[in-house]
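Asks: Sequence:
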Amino acid sequence: MRGHVTVPGDKSISHRSLMLGALAVGETVVEGMLEGEDVIATAQAMRAMGATVERDGDGRWHIHGVGVGGLLQPATALDMGNSGTSTRLLMGLVASHPITATFIGDASLSRRPMGRVIEPLSRMGAAFTASPGDRLPLMLRGLCPAVPIEYRLPVASAQVKSAILLAGLNTPGITRVIEPVPTRDHSERMLRGFGADLTVEVQADGTRVISLRGEAELRPQHIVVPGDPSSAAFPVVAALLVPGSDVTVANVGLNPTRAGLFGILRAMGADIEYLNRREVGGEPVADLRVRHSTLHGIEVPPDVVPSMVDEFPILFVAAAMARGRTVMHGLEELRVKESDRIAVMARGLAHCGARVTEHEDGMTIDGSDGAPLAGPSSIGDERVPTVAAELDHRIAMSFAVAGLASQGGIRIDDMAPVATSFPTFTSILADLGAAQA
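In this text, residue positions in the sequence shown follow full-length UniProt numbering: the first is 1, and each later residue adds one.
Hints are computed from structural coordinates only; laboratory data are not their basis. Fair warning: there could be bad hints in the mix.
[Said to hold, decoys possible] Below, in silico cross-link-like pairs of lysine to aspartate or glutamate (EDC-like), each with a Cα-Cα straight-line distance of 16 Å or less:
| id | residue 1 | residue 2 |
| --- | --- | --- |
| 1 | K337 | D361 |
| 2 | K337 | D369 |
| 3 | K337 | D106 |
| 4 | K337 | D134 |
[Claimed, not checked] Label-pair distances were calculated between CB atoms; the ranges are:
| id | residue 1 | residue 2 | range |
| --- | --- | --- | --- |
| 5 | R141 | Q407 | 24 to 32 Å |
| 6 | R60 | L275 | 33 to 41 Å |
| 7 | V29 | E217 | 15 to 23 Å |
| 8 | L275 | D414 | 34 to 42 Å |
| 9 | G370 | E150 | 49 to 57 Å |
| 10 | A107 | R141 | 36 to 44 Å |
| 11 | E215 | R347 | 45 to 53 Å |
| 12 | L275 | T100 | 49 to 57 Å |
| 13 | E215 | Q436 | 47 to 55 Å |
Remember, it's a predicted structure, so these values are computed and weren't measured experimentally. Each residue gets a CB set at the ideal place from its N, CA and C atoms; glycine is no exception.
Turn these sequences into a full structure, and let the hints steer you where they fit.
Replies: So this is what it looks like as structure tokens:
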């Protein structure tokens, strides 16, 4: 695999650009927006609540906001598709507005629990009627004025933190979130960039105390979205595993709360070089040059999990072809993603010949010492293993990369979910030399 590619814009930043732009007064312009289904769901929801959201012929997005407190009652249910981020963050936005909204989603999203967001937002005064297990469909009735709270996160979750802070924008007084384990900080960076009065205090033990003064007036911004490190993970690992590869992935966001995977891969022996380091819109960015490498197993420190929680499926693939044992714990969050990513990846990798031990909070993988997965077969042979992606985009892409480094290929039952986050995935791999049957 050889070449120079650019991955889609960062999904987390794309979501937040639309939401904060919709709450600013004036026009926010966004370049490099991820145009996957998850982000489109957020755009449609903001339109439904009064904002004007348009894309011009040059790929720039223009958002004319309604101001903090100005969201309107949506006429119909907000369809979040497969996007847990859209759902949880928009629940925070609605919670402090005097409107009622019903949230619905596809089969995968409707299996995901929302209780961890419902609990703090209920303390702020929002009322919820949810399906059994605190799942979608659910109806949220916001309260205005809402009640400011101080909330200590029981589990590391950027989505819960962000939902509380977004609710705090239209809440009088100080809303405070205490974060014992740091998570991705796009919300804090972008809220400050839009003009919110937000401070972050880091205590001696590393605990972050984030304070937001409510009833904010947000200013419109011009945002350039860097490439999504979660998407970049797939061509990066593909290049590491396929012999002879030399791939450059351009314009990758390297926010330290998001880029943990690249440090772990380098600790495993990966040849990843950071080129042209720079800052774009307050976010660190670089081009990644990646060459085929012999990886070795390591014990992954649990404290890096929040900075790479979405990248563990593709790390499992890398570990399956490394030399020696890779041990990963502290991954409970993976069981409540689009699928139970620990169980689904363990089953799929075992089906492809990997030596996997599943734990309640993680996985131990004994690598193949660089030998390809999937056994002696060829594309079209009935012995080519078929894995179930369980409607999970990151599972599907991870096994696609595993197929590139297998003896005869791997079949994935459904690649359609990939459009939620990385609609150009297969074309980018094809540009680098991958074959798809």
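Asks: With reference to the structure, classify each hint as holding or not holding.
Replies: Status of each hint after checking the structure:
no.: 1; hint: K337 / D361; in the structure: 14 Å, holds
no.: 2; hint: K337 / D369; in the structure: 30 Å, violated
no.: 3; hint: K337 / D106; in the structure: 14 Å, holds
no.: 4; hint: K337 / D134; in the structure: 15 Å, holds
no.: 5; hint: R141 / Q407: 24 to 32 Å; in the structure: 56 Å, violated
no.: 6; hint: R60 / L275: 33 to 41 Å; in the structure: 27 Å, violated
no.: 7; hint: V29 / E217: 15 to 23 Å; in the structure: 19 Å, holds
no.: 8; hint: L275 / D414: 34 to 42 Å; in the structure: 36 Å, holds
no.: 9; hint: G370 / E150: 49 to 57 Å; in the structure: 51 Å, holds
no.: 10; hint: A107 / R141: 36 to 44 Å; in the structure: 26 Å, violated
no.: 11; hint: E215 / R347: 45 to 53 Å; in the structure: 50 Å, holds
no.: 12; hint: L275 / T100: 49 to 57 Å; in the structure: 50 Å, holds
no.: 13; hint: E215 / Q436: 47 to 55 Å; in the structure: 52 Å, holds
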